[in-house]
Each structure stands twice: as C-alpha cells, then as structure tokens.
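Trainee: The lines below spell out each chain.
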Amino acid sequence: MSAGFVVVVGAEHKAAERLCRLWLSEGWTVLASFTGEGGGEDRSRYEDFGGDSRKLHTIAIDPRDSESVQSLSELAASVMERIDMVVVAIDRRRETRLRDGMSCEDVLAMYEYNALAPLRTIEALLPLMEDGMKRLCFLSDVRGSFAAGHGSDYAGYGMSLAAKHMSVKIMSNSLGPRGYTFRILTLNGEREGFGLTEEAALRASRWLADFTDESLLKLENELAEPVPF
Amino acid sequence: MHTAFVTGADRGLGLELTRGLLERGWRVIAGRYLENWHELTELAGRHEGRAVVVPLDIGSDRSVRDAANLAGASADAIDLVIHNAAVSTSLKDLTIAGGLNYEDMIRIYNINAIGMLRVTEALLYLTDAGTMKRQCIVSSEAGSIERCSREAWYGYCMSKAALNMGAVRLHENLHADGYTFRLLHPGWMKTYMSGSKNEEAELEADVVAEAALRYFIGPGEEDHRLVMKDWAGGEWPW
Ligand SMILES: NC(=O)c1ccc[n+]([C@@H]2O[C@H](COP(=O)([O-])OP(=O)(O)OC[C@H]3O[C@@H](n4cnc5c(N)ncnc54)[C@H](OP(=O)(O)O)[C@@H]3O)[C@@H](O)[C@H]2O)c1
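Chain order of the listed sequences is L and D.
If you count the first sequence from 1, position 117 lands on 117 in this note's numbering, and the numbers rise without skipping.
If you count the second sequence from 1, position 113 lands on 342 in this note's numbering, and the numbers rise without skipping.
The reader is advised that the hints may include incorrect statements.
[Stated by the list, open to error] Have a look at the derived ranges for each label pair, beta carbon to beta carbon:
{"#": "1", "chain 1": "D", "residue 1": "Asp305", "chain 2": "L", "residue 2": "Leu216", "range": "38 to 46 Å"}
{"#": "2", "chain 1": "D", "residue 1": "Arg379", "chain 2": "L", "residue 2": "Pro228", "range": "13 to 21 Å"}
{"#": "3", "chain 1": "D", "residue 1": "Glu332", "chain 2": "L", "residue 2": "His150", "range": "46 to 54 Å"}
{"#": "4", "chain 1": "L", "residue 1": "Asp52", "chain 2": "D", "residue 2": "Glu464", "range": "51 to 59 Å"}
{"#": "5", "chain 1": "D", "residue 1": "His267", "chain 2": "L", "residue 2": "Asp65", "range": "24 to 32 Å"}
{"#": "6", "chain 1": "D", "residue 1": "Glu450", "chain 2": "L", "residue 2": "Glu67", "range": "49 to 57 Å"}
{"#": "7", "chain 1": "L", "residue 1": "Gly51", "chain 2": "D", "residue 2": "Gly463", "range": "52 to 60 Å"}
{"#": "8", "chain 1": "D", "residue 1": "Ser423", "chain 2": "L", "residue 2": "Asp213", "range": "57 to 65 Å"}
{"#": "9", "chain 1": "D", "residue 1": "Lys426", "chain 2": "L", "residue 2": "Asp100", "range": "49 to 57 Å"}
{"#": "10", "chain 1": "D", "residue 1": "Gly407", "chain 2": "L", "residue 2": "Glu190", "range": "23 to 31 Å"}
{"#": "11", "chain 1": "L", "residue 1": "Leu223", "chain 2": "D", "residue 2": "Glu375", "range": "20 to 28 Å"}
{"#": "12", "chain 1": "L", "residue 1": "Glu74", "chain 2": "D", "residue 2": "Asp452", "range": "54 to 62 Å"}
{"#": "13", "chain 1": "L", "residue 1": "Arg203", "chain 2": "D", "residue 2": "Gly327", "range": "32 to 40 Å"}
Since the hints were derived computationally from the structure, they do not count as laboratory data.
In this text, all values refer to a predicted model and were calculated from it rather than measured experimentally.
The C-beta atom is built at its ideal place from N, Cα and C for all residues, glycine as well.
Work out the full structure, taking the sequences as your base and the hints as a guide.
Mentor: Dropping the structure here:
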C-alpha cells in the first residue's frame, strides 16, 4: 500500500526510532509518542529526521495513566484522518535476581509498562482505527519467549512479556473477526540496537506494514524467522 | 519426616492438598488467608504437631516475610513448596472494545504471578536446606497462550501466562542448585474461585489433589524438563 498513518508508542526505543525514520522517509504520517523518562532528550533525537516535517508529530505521555493516553488519542484524531497501524514499543527492563534483593515493586512496574500500557493505548486508539488498515504491532524481546533460555536474571521482565503476548492473543481472538491483524517483532535486547541493523530495520518496517499478508497473528525476530510463544 | 509449605490452604484445592500430605505423614506449614473459615483449623487440630497454620497473604511482602519467619520457627528445612493460592475476578467479561479495569488486573497479577516469586524468595533459606528442593506451581490452562481462544478475562490469563514464564525462569535459575519443578493445570474444580463453591464444575478438589500429589511428590521426567501438565497427565503447550 502507499504511505499511510502510523502511531508509534514508546518512540524513545532505539528500534522504534529506526522504524519511524524509515516510514517517514517513505511518506508516512508518523505520530511518535514518548513514554520514557528521557522527555525532551528523546524528542530531540527526532529533530534531524529530515523528510516532510509536517508529517511528523510528537507527544510525551505517561502510558500508565488513562487521561494521559487519552491525550495521545486526541492528538491522533486532530492530525490524522485515520490510523492504519499502531506500533507499541514500550519497554522497561530491570533484572530480577532471586538471591540478590529481588524487588517485587520492579516486577509490578514492568507489568504496568510492558503489558498493561499496550492495552491502555490500543483501547484508546481503537476507535480511530476502524477506517484504517487495522494492523496492531508490538515490539517484544526474546526473553519473553518460553523457548528462549538465558533469561534467568530477567524473570520479572520475561513474565511481563509473556503477559503481553497473552493479551495480544486475546485481542486477536476478539478483534480478528473485525479485520484486525497482529504482528509481534521479537528483538534481542542484549544486542547492539536490539539487533536491528539498518538492513533488518528495513525488512521489519516492511513486514510490519505488509497489509497484503492477512494472517491474523505472527511473531518474527529481526532475521524474519518465526518465533514460538 | 518431610515438610511442605502450602499457600492458599483454607479451602478448595489447597485444603485438599494439605489434607493429602498430612494423611501421608508429612509435616505441613499451611498458609491461612481467610480469618473465619473453620475447615483448615479443624484439619490442623486433627494432626496436632504436624500441621502448623500461619497467616499468609502472598500479595504482601511483609506477610510473606512474616510467614517465612514463622515457618523457620517450626521447621529447619522445607522440602516441598506448593504455590496454590490465586484469585480470579468478577470482571472477567470485560473486552478491549468495552473498557478494561487496570486496577483489577494489577491486583490479580500481584497475587497470581508475583506471589509465587515472593514466596519462593522468602523461603529459600529453608528450601535450600531441604532434601527434595521441589517447587510445585498450580497454574491453569488459562495461561497457555497457544491454546487461548478467549476474547476476554485478560487479567487472569495474563497472570497465569506470566506465572508459567516465572516458573521457566526460576527453573533455569535454581535447577543447578538441585531444585526441581512441577507445573500443574488442575482442571475445572468445584472450588471457591468465584467467591462461592462452584457446583457446576467438573472435578472434586480431593480427586484432583490425589493426582496432583502423585505428580508433585514423585520422581519424573519433569525433574529435568519443565512442562505444564494437567491433573490427568496431559501436557499443555505454552
Ligand atoms: N477452580 C478451578 O477450576 C481452577 C482451574 C484452573 C486453575 N485453578 C487454580 O487452582 C489453584 C487453587 O484454586 P481453587 O480452585 O482451589 O480456588 P479457591 O477455592 O479460591 O482457593 C484458593 C485459596 O487461595 C486463597 N487466597 C486468595 N488470595 C490469597 C492471597 N493473596 N494470599 C494467600 N491466599 C489467598 C483463597 O482465599 P479466598 O477464598 O478468600 O479468595 C483460597 O483459600 C489456583 O491457583 C487457581 O488459579 C483453579
């Protein structure tokens, strides 16, 4: 399809930034929403994006707060005639070391950011998607896959991602019959730039926005390999 | 004599697991959540000396710490922990299009998913000294992402998927220290998850408890590989 309208939540995420850059260069209208503590610093990274600056919109939100998330939806309604695709890249990670002062507060915070915030944002943006291409995308991490090992110091992080994957599955069950499709891009946070090289980012940007593929729900890594839950 | 620690032992499956262990001659430290429920008190009274009831809210750091201290006062070691306590919700039909209740989802996660981590960590000083080093986790088919066909019940399903992931990660972490794990989907039981006893369900809790205890106590291929099995021995995908 030709360029459309995309909302990227968690735009401070390095991989999200790469994707936004690519979509902007292809003429998409991009609403980049920052959810981190970086504030202005995160936003300023987007200033040298080039391209048609009228097609780039930014907003900082607290994704744990429904009113704040509503302000994102209001901005989207004012700058986009519809939303074709939402990409949720929100990511909080802390180690959970069982024998070394594990913090349940951290574990709960990761759930709030990584699992609940995507639901909150989708819930708020859904009414604007009805006339669009109805694609919902989520960035995730290999440590949220049951099959992947080496996550033992990241129990809480992996748990929040498993919860997110479950929520995507439930959404796909209810929204699939209404034409929505779902993509989970599983990155490797241990690698430089989450393993998303220029080439991988290009492939990922096309995969996420390939509306000719009507499969309901797909998980892939940055190498375009399928990933099990 | 072997010692077990059971969470959510007041009623439902937890009570029957406690009963089954006591009948097998185990010492059981049983977590009490309900103040005014008499069944656990009566059961403990019939096995004086081997049944220790401790107040326990697995959603609270302090309560879990206090319970672990009380456990330490009555046993030098714990061989087996059964993570059984969990909650459901009356808001299970809320959908993404109709509005979700995030406070409720946080409450459920704190108990069903994080509770297991809390209890595991607090008891490590006792389980490290145990001979069996077994962690038994009562999960649910509702945590299987692959099999999920539900369109709602986000909070509970997400909490059980996370619980399964927590089990996988703890297994990675503790296996080298000699720990083994059992992960169970108990089936649809006539218990109190919805607040009152669900007589419409399929299974009696005592029947499930018998099968569960064989799985929890015995040796098995699960000593090396973490899988979720149902009460009848069937394996569930993640
Ligand atoms: N029932 C089913 O069909 C079914 C199916 C699949 C999996 N399961 C799982 O089986 C396990 C046992 O459930 P059940 O069916 O026996 O339910 P249940 O009858 O409600 O028993 C659970 C027990 O845990 C207690 N509890 C609740 N919150 C707690 C907390 N914060 N700290 C400590 N204890 C707490 C409950 O007290 P209250 O009664 O006051 O809440 C109750 O005594 C749970 O893990 C459940 O998810 C059940």
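Trainee: May I ask you to test the hint 23 to 31 Å on the CB atoms belonging to Gly407 of chain D and Glu190 of chain L?
Mentor: Since Gly407 of chain D and Glu190 of chain L have Cβ atoms about 28 Å apart, the given range 23 to 31 Å holds.
Trainee: Lying within 20 to 28 Å: is that true of the beta-carbon distance Leu223 of chain L to Glu375 of chain D?
Mentor: Since Leu223 of chain L and Glu375 of chain D have Cβ atoms about 22 Å apart, the given range 20 to 28 Å holds.
Trainee: Per the hint of 13 to 21 Å, is the separation of the Cβ atoms of Arg379 of chain D and Pro228 of chain L within bounds?
Mentor: Holds: the Cβ-Cβ distance is about 20 Å, inside 13 to 21 Å.
Trainee: Does the hinted range 57 to 65 Å hold for Ser423 of chain D and Asp213 of chain L at CB?
Mentor: Given a distance of about 41 Å, which is not inside 57 to 65 Å, the answer is violated.
Trainee: Does the Cβ-Cβ separation between His267 of chain D and Asp65 of chain L fall within 24 to 32 Å?
Mentor: violated (44 Å)
Trainee: Would you say the C-beta atoms of Glu450 of chain D and Glu67 of chain L sit inside 49 to 57 Å of each other?
Mentor: Since the Cβ atoms of Glu450 of chain D and Glu67 of chain L sit about 51 Å apart, the hinted range of 49 to 57 Å holds.
Trainee: Confirm or reject the claim that Glu74 of chain L and Asp452 of chain D have a C-beta distance inside 54 to 62 Å.
Mentor: holds (55 Å)
Trainee: Measuring from beta carbon to beta carbon, are Lys426 of chain D and Asp100 of chain L in 49 to 57 Å?
Mentor: violated (42 Å)
Trainee: Could you check the hint for me, namely that Glu332 of chain D and His150 of chain L are 46 to 54 Å apart, CB to CB?
Mentor: violated (34 Å)
Trainee: A range of 38 to 46 Å was offered for this pair. Does it hold for the Cβ distance of Asp305 of chain D and Leu216 of chain L?
Mentor: Violated - the Cβ-Cβ distance for Asp305 of chain D and Leu216 of chain L, about 54 Å, lies outside 38 to 46 Å.
Trainee: Return holds or violated for the Cβ distance of Gly51 of chain L and Gly463 of chain D against the range 52 to 60 Å.
Mentor: holds (55 Å)
Trainee: Quick check on a hinted range of 32 to 40 Å for Arg203 of chain L and Gly327 of chain D, using CB atoms only.
Mentor: holds (36 Å)
The structure shown violates the earlier hints numbered 1, 3, 5, 8 and 9.
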